[in-house]
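J.: Going from the sequence shown to this note's numbering is simple: count from 1 and add 623.
Bear in mind the hints are in silico, worked out from the structure with no lab data behind them.
As the structure is a prediction and not an experimental result, all values here were calculated from the model.
Ideal placement from N, C-alpha and C gives every residue a C-beta, glycine not left out.
The reader is advised that the hints may include incorrect statements.
Claimed, not checked - Have a look at the derived ranges for each label pair, beta carbon to beta carbon:
#1 Ser723 with Lys632: 14 to 22 angstroms
#2 Trp701 with Ser721: 32 to 40 angstroms
#3 Ala637 with Arg665: 29 to 37 angstroms
#4 Val698 with Phe658: 17 to 25 angstroms
#5 Ser721 with Ser639: 15 to 23 angstroms
#6 Ala734 with Asp695: 16 to 24 angstroms
#7 Gln628 with Lys694: 20 to 28 angstroms
#8 Ser721 with Phe640: 31 to 39 angstroms
#9 Asn705 with Phe640: 19 to 27 angstroms
#10 Asn705 with Glu649: 14 to 22 angstroms
#11 Asp695 with Ala717: 19 to 27 angstroms
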Amino acid sequence: MLVIQRYHKVGAPAGSFPAFDIGEAEVVLTSVSLFPVDSGERILLRLEIGWEKPVEWDTGELEVAVRHGSKDGPVVYWTTENCFQEAKTTETFAVEASGSAEHFYLTVQSAEGRARIKGPFLLEGRVRRTGKKDAKKQP
């Protein structure tokens, strides 16, 4: 049996804000907090970002990161995305809880200013615990 123990999702739908340019400075789009959690529990994080290239560029480029603990904390996920017109970047990944409260920050940047956030964007976190009935022992 799989139980969702904690859940937090924060974001903004497309059309709820004017599109904005992303430059070389790292920008926090949103964050989630999960608590209480036990050290060692598995945290599933899902991100989604709708973005496009500015008209003056042939291609767009966006660096996406998820930071742990603070907006300047260690990076637990990172990727560089490219597009010819527009894109929706989505990813799901897992991290292990290290404390009683966990905070994650979705950040973006574009070294040459080749990205515009148009939405939607979101960060979602889930703490999952396996029930004792179905927990499998490792050999």
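J.: Does each hint hold? Answer for all of them.
T.: Consistency of the hints with the structure:
1. Ser723 with Lys632: 14 to 22 angstroms: 21 angstroms, holds
2. Trp701 with Ser721: 32 to 40 angstroms: 18 angstroms, violated
3. Ala637 with Arg665: 29 to 37 angstroms: The hint (29 to 37 angstroms, Cβ to Cβ) holds, given that Ala637 and Arg665 are roughly 30 angstroms apart.
4. Val698 with Phe658: 17 to 25 angstroms: With a Cβ separation near 21 angstroms, Val698 and Phe658 satisfy 17 to 25 angstroms, so the hint holds.
5. Ser721 with Ser639: 15 to 23 angstroms: Given range 15 to 23 angstroms: violated, Cβ gap about 33 angstroms.
6. Ala734 with Asp695: 16 to 24 angstroms: Roughly 18 angstroms apart at Cβ, these two residues keep to the hinted range, so it holds.
7. Gln628 with Lys694: 20 to 28 angstroms: 25 angstroms, holds
8. Ser721 with Phe640: 31 to 39 angstroms: 33 angstroms, holds
9. Asn705 with Phe640: 19 to 27 angstroms: 23 angstroms, holds
10. Asn705 with Glu649: 14 to 22 angstroms: Given a distance of about 18 angstroms, which is inside 14 to 22 angstroms, the answer is holds.
11. Asp695 with Ala717: 19 to 27 angstroms: 23 angstroms, holds
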